[in-house]
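S.K.: From first to last, the protein sequence lines are chains Z and L. Counted the way my numbering counts, the first sequence spans residues 24 to 314. Counted the way my numbering counts, the second sequence spans residues 1494 to 1744.
By construction, these hints were calculated from the structure, which means they are not laboratory data. Ideal Cβ placement from N, Cα and C applies to all residues, glycine included. Hints may be right or wrong, so weigh each one.
What follows is a list of derived Cβ distance ranges for each label pair [unchecked claim]:
id, chain 1, residue 1, chain 2, residue 2, range
1, L, Gly-1644, Z, Arg-68, 20 to 30 Å
2, L, Glu-1657, Z, Arg-38, 44 to 54 Å
3, Z, Lys-103, L, Arg-1594, 52 to 62 Å
Listed next, the stretches of chain Z that the computed footprint assigns to chain L, with coverage defined by at least 3 CB atoms under 8 Å from CB atoms of chain L [said to hold, decoys possible]:
id, stretch
4, 54-67
5, 129-136
6, 172-180
7, 211-224
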Amino acid sequence: MSYGSIEAIKERCKREGIEFWKAVQMEDCSERAVSEESSWKEMTRMWQIMCENVDTYEPERISRSGLVGKEGGLMEEYQKKGDTLCGDFMAKVMTVALKMGCNNACMKRIIAAPTAGACGVLPAVLVPFFKEYEVPEEKMVEAMYVAAGVGQVIANRAFLAGAAGGCQAEIGSGSAMAAAAICHVKGADAETMGHAAAMALKNLMGLVCDPVAGLVEVPCVKRNVGGAVNALAAADMALAGITSRIPVDQVIDAMREVGEKMDVTLRETGAGGVAASITGVEIAERIIQTD
Amino acid sequence: MEVYGIIVADIQTCFVNLKRKERYSSMASIFDILGPVMVGPSSSHTAGADRIGLIGRQLLGRQPQKATIYLHGSFAATGEGHGTDRAIVAGLLGMKPDDMRIPDSFRIAKEEGLDFTIQKKDIRGAHPNTVQMLLEADGADSLDIQACSIGGGRIVVSKLDGIEVNFNAESNTLIVHNQDQPGHVAQVANILSQKNINIATMQLFRDKRGGYAVMVIETDQIIPDSAISWLENLDGIIKVTFLNVSGAEDE
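So that you can see chain Z by itself, here it is in the shape it has in the complex (with noise of 0.2 Å):
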């Protein structure tokens, strides 16, 4: 049985003087029926496409609704002209937030982590570091454990699910992901991964899901940058020592109670928050004419 909670995580890994990442792989190699090995090569490609399909950008490619795709491409080069107020590395991490999720919607090749609207999020906070810091691709594969061990974690909880929980069920859980998983790539225990992931998901409880016109585009796509951001602030916070006094599960259970009690509306259907403002409606209508 997969982990349902962060928690039996931690004490497995005390009982069994293990790290994090080796808890979740070990627990997929009994889930599958597979051996480590096996489990090793298939996260390792994940982990090399990940990689690939963040070149894959082109920003002349525009969604086939024209709302995105540029996006990528102008960040990048405001990022270059090295006079950014977030930084440069920051800048290289929305740059990546925002290339994925421009290629998601022009139709590009994307890992859904943990969905396709969200898949900007993790390469986001991975990618550049790696390519930063040059850190061996090991560190970064077992990272990629700790990220789909948290969002197991989730989804057994909780939900992954726009349409069942809302933006903080997508954006949210690949940020918490995101976030402990960066953790890890810089050597941080379980505890700290843990806190990381609570604020990471406590920072973007209640964001609603509210797709304009219905398509993976508005407000998707720079919704990946806020998740990316976030996930490296609140990582940051728990290598500073700070830590979350909600419990990690004890906020994916929120996480769970304030999606459930969201109006539908605001999970996915396209009738709420910005998709329902006068520009959103007016978009819609737009599209639909042309169609």
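Mind docking chain L on chain Z? Use the hints.
M.R.: For chain L alone, kept in the frame of chain Z given last:
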């Protein structure tokens, strides 16, 4: 269930559902969390739509030359923006959900001689992400298939040649179309038993008593071609299809 030598009487009543109670829990594998690897933008509207096309192609037994595609509900409303139309056609051409050629599938269909039309249709009571396809190819029986995309790239086939069915095409699946008369379930069970093939789940459907019936049988092993052609030649058996998901390609 094991079916060694059991004489299966005519249990072919409508909707007898012998589905083995497996632990279909919501617990997801870590590669469901990080994955699927897919062409965007939507696991249900793009990746799932592609899989429906793929399954249609596999059930037809070859690449269709003509396809009439009907989109229902959310597929009709937001399908074009999500590339649902391109993804279905890509699936019919044999492209998997991570195939980068999916956005170009319309052009590739033209090159490969697949003539298709896409229309909107309100299908009463159907899941919002439903598509119906009429598929034709020389040398194959035509196929009328209805399927829905239920999220995360997973699909359910809900109708075959007008008969309501319910299977997800994630396991090896044997589909037998037959006349609703005694003995056909026993024939199928016997040949599978002879070939030492274990049945994982089994479902029976029919349009009316004595009418047209469909068996959907999920198996743990691959069914050899010899068993399939033996079944095809039996009186009262109209069509036999085997969906092999254990690795090998459909051709």
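S.K.: Which earlier hints can't be squared with this structure?
M.R.: The structure conflicts with hints 3 and 7, although it agrees with all the remaining ones.
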